[in-house]
Structures are given as C-alpha cells and as structure tokens.
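**Q** Each chain, written out:
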Amino acid sequence: MLEVFKAIKEKHLEAKKIIDGATAEAEKIKQKAAQQGLSVYEETYKAILSQVDQKAIDVKSKIAEEAERELEKLLSNAEERAKEIEKKAEKNIEKAVNAVLNMVLQ
Amino acid sequence: MMESTRVITEMILQEAQKSAEDIIQEAQKSAEHTLEKQRQLGVQRANELAQSLLKKAQREAEVDKLRSMANTKIRTNWVILSKKEKLIANVLEEAKNKLRTLTESKEYIPILEKLITEAGIILGGKELEVLLNERDSTLSLKLDKLAREISEKTEFETKLRLSKEKPKVIGGAMVRTTNGKVIMDNTFDDILGRREKDLRSKIAKILF
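Going line by line, the protein sequences match chains B and C.
According to our numbering, the stretch in the first sequence is residues 1 to 106, in order.
According to our numbering, the stretch in the second sequence is residues 107 to 314, in order.
Looking at chain B on its own, in the form it has when it is part of the complex (with noise of 0.2 angstroms):
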C-alpha cells in the first residue's frame, strides 16, 4: 500500500514538473510576444507612414500639376487679351491722336 502512494506522489511530482515546465515556456513565449509586439507595432506604423508620405507627394504633384495647368491657361488668356487689346488699339490710334490734338489746341 505504501508503495503505491510512493508511486502516485512521484508521479505527481513528475506531473508538477511537467506543468511548471509548460508554465515557465508559456511564460517566455508570452515575454517574446510582448517584446515583439513593439517592433510589430513599429514597423507596421512606419510602413504605413511611408505609405501616406507618398500619397502626400502625389496629392502635391497632382494639385501641381492642376497648378501648372491653370497657370498656363492664365498666361494664354492673358496674351490672347494683350493681342485682342493691342488689335482693338491700332484700329482707334488715328482717333486717339486726332483726339489729343483737340484737347491740346482748343
């Protein structure tokens, strides 16, 4: 009889062991997640930081580009203006003239 409560108390202990074992390893491997946790949660951060840096350049270029464009238009508009303007004139310069010799010898 005392020989198999010997033997049931070494395997409890050798049971004990066994859990104690299991408990330290899921202790570690939970330190390990933990510790990667930071680098998982660094790197995803900046991956999708850099993600957004390019969008930002291209939300830049593309309103640049929208830029450049009604810069050119503004330009074209402009000479198309200066041209109608300078047409308009040469029509009317005798006039003109004509009108400040009036002014001048009335």
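Keep in mind that the hints were calculated from the coordinates and are not lab data.
Any given hint could turn out to be false.
[As the list claims (entries may be wrong)] Result set (SDA-like, lysine to any residue): computed pairs, CA atoms no more than 20 angstroms apart in a straight line:
{"no.": "1", "chain 1": "C", "residue 1": "Lys143", "chain 2": "B", "residue 2": "Glu42"}
{"no.": "2", "chain 1": "B", "residue 1": "Lys28", "chain 2": "C", "residue 2": "Leu141"}
{"no.": "3", "chain 1": "C", "residue 1": "Lys272", "chain 2": "C", "residue 2": "Lys311"}
{"no.": "4", "chain 1": "C", "residue 1": "Lys311", "chain 2": "C", "residue 2": "Gly299"}
{"no.": "5", "chain 1": "B", "residue 1": "Lys32", "chain 2": "C", "residue 2": "Gln134"}
{"no.": "6", "chain 1": "C", "residue 1": "Lys220", "chain 2": "C", "residue 2": "Lys171"}
{"no.": "7", "chain 1": "C", "residue 1": "Lys190", "chain 2": "B", "residue 2": "Asn98"}
{"no.": "8", "chain 1": "C", "residue 1": "Lys190", "chain 2": "B", "residue 2": "Glu90"}
{"no.": "9", "chain 1": "C", "residue 1": "Lys171", "chain 2": "B", "residue 2": "Ser61"}
{"no.": "10", "chain 1": "B", "residue 1": "Lys46", "chain 2": "B", "residue 2": "Lys28"}
{"no.": "11", "chain 1": "B", "residue 1": "Lys17", "chain 2": "C", "residue 2": "Thr115"}
{"no.": "12", "chain 1": "B", "residue 1": "Lys88", "chain 2": "C", "residue 2": "Leu198"}
{"no.": "13", "chain 1": "C", "residue 1": "Lys162", "chain 2": "B", "residue 2": "Lys95"}
{"no.": "14", "chain 1": "B", "residue 1": "Lys95", "chain 2": "C", "residue 2": "Phe262"}
{"no.": "15", "chain 1": "B", "residue 1": "Lys83", "chain 2": "C", "residue 2": "Phe314"}
{"no.": "16", "chain 1": "C", "residue 1": "Lys143", "chain 2": "B", "residue 2": "Lys55"}
{"no.": "17", "chain 1": "B", "residue 1": "Lys55", "chain 2": "C", "residue 2": "Gln134"}
No experiment lies behind these values; they were computed from the predicted model shown.
Given chain B, put chain C in place with the hints provided.
**A** Chain C only, in chain B's frame:
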C-alpha cells in the same frame, strides 16, 4: 494491485501533459493576440496621423497653388497694363510728332497767336514778354494786333515784346510779366504735361 497503480499514475501524467499542452496553446494564442493587437494599434495610430499629414500636404499644396495663381495674375495684369501704357505712350508720341509737323505748316501761326492771346488775357494784359522757341521766334507774328486784342479783353493797355530767351519746346508760347513774377505757359509741351491725366484717360477710352 500493481496494474491499477500503473493506470492511476499514467492518468496523472497524461493529465499533466494535457494541461501543459493547454497552457502552451493558451500562451501561443495570447501571443498571437498581443501581436495582432499591437499591429492594429500601429495601424490605428498611423491612420490617425495619416489623415492630418495628408490634410497638411493638401493644404500646403493648395496654398502654393493659390500663391502661384495670385503671382501670375499680378504678372499678367502687369503685362496687360504695360501693353496699354505702351499704346498710350505711342499715341502721345504720335501726337507730339503731329504737333511738330503742325508747327511747320501755315495753320500754325493762327494757333500760336491764339495761344499767346489767351495767355496774355489770363495774365491780365499790361507789359508782357513772349517766349518762343528758336524756330517760332523767326515767324512774322502780329504781336501789336495780339496786344490790342488782349487790351480789349482785359481793359488794360497791353504791350507784347518777344523775349530773347528761347525755350526748347515743340511749339506754343510762354507769356510772362516783364518783371518775370508771373508766367503763363501755353507751350504744347506744358499743355500736354498739364493735361496728361485727362489725355491718358481720353486715349484709354478711345483705344480700349
């Protein structure tokens, strides 16, 4: 007896093994959960910042665009104003050329005499000096007749004499009191200068 003991002890070990496996499995799940949680946290934090970074980039680009547009508008307006200014200056220059041509024509003498008379009347008559440019000084002007006209208008006896001073002007005349204190400038140059604002406005209305 030995057999039943062996069964019990094996059960104890099996349960321990099972528990150990469960503990490890649980730890692995927890580890995976931790990593996923951190990944999601990284995504969330980065996305929070991303929105403001993108908005900032967009705002900066819009401001740059507006600045460029404003500068270009100023530049184009300046180009158009310069163009108009050049055209107005051309008209004034052409008018001066016509006045120079006029001074060489026979129509000029009555105009010059009118300018002298007007100036004399404005000065109130009496003893006056007429200043003409080099060329106009050689013209045969009826200064006595003009003096009489001034006398009639001002009711003061008027004498006009030609000054030795010869201003460098396109044409027209300066008339001054003999003491030199009061002068009426009726040269084309001064009339153009005096009326420049009105002339420019008039030219602009006609040209544009």
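**Q** Given the hinted pair C/Lys143 and B/Glu42, is their Cα-Cα distance within 20 angstroms?
**A** Between C/Lys143 and B/Glu42 the Cα gap is close to 12 angstroms, so the pair holds against 20 angstroms.
**Q** When you check the alpha-carbon spacing of C/Lys171 and B/Ser61, does it fall within 20 angstroms?
**A** holds (11 angstroms)
**Q** With the threshold set at 20 angstroms, check whether the alpha-carbon distance from C/Lys190 to B/Glu90 stays at or below it.
**A** holds (11 angstroms)
**Q** Run the distance test for B/Lys32 versus C/Gln134: straight-line Cα separation, threshold 20 angstroms.
**A** Cα-Cα ~10 angstroms, so holds.
**Q** Between C/Lys143 and B/Lys55, does the CA-CA distance stay at or below 20 angstroms?
**A** violated (26 angstroms)
**Q** Check whether the Cα positions of B/Lys28 and C/Leu141 lie no farther apart than 20 angstroms.
**A** holds (15 angstroms)
**Q** Given the hinted pair B/Lys83 and C/Phe314, is their alpha-carbon gap at most 20 angstroms?
**A** holds (12 angstroms)
**Q** Regarding the pair B/Lys46 and B/Lys28, is the alpha-carbon distance no greater than 20 angstroms?
**A** Roughly 27 angstroms separates the two Cα atoms, so the pair is violated.
**Q** So if I understand the rule, the pair passes when the alpha-carbon distance is 20 angstroms or less; does C/Lys272 with C/Lys311 pass?
**A** Status violated; Cα separation ~36 angstroms.
**Q** Can the restraint linking C/Lys190 and B/Asn98 be considered satisfied, given a maximum Cα separation of 20 angstroms?
**A** holds (18 angstroms)
**Q** Checking one constraint from the list: CA of C/Lys162 to CA of B/Lys95, max 20 angstroms. Satisfied?
**A** Distance of about 56 angstroms is beyond 20 angstroms: violated.
**Q** Decide if the proposed pair is consistent with the structure: B/Lys88 and C/Leu198, CA atoms, cutoff 20 angstroms inclusive.
**A** Roughly 17 angstroms between the alpha carbons, so the hint for B/Lys88 and C/Leu198 holds.
Of the numbered hints listed earlier, those contradicted by the structure are 3, 6, 10, 13, 14, 16, 17.
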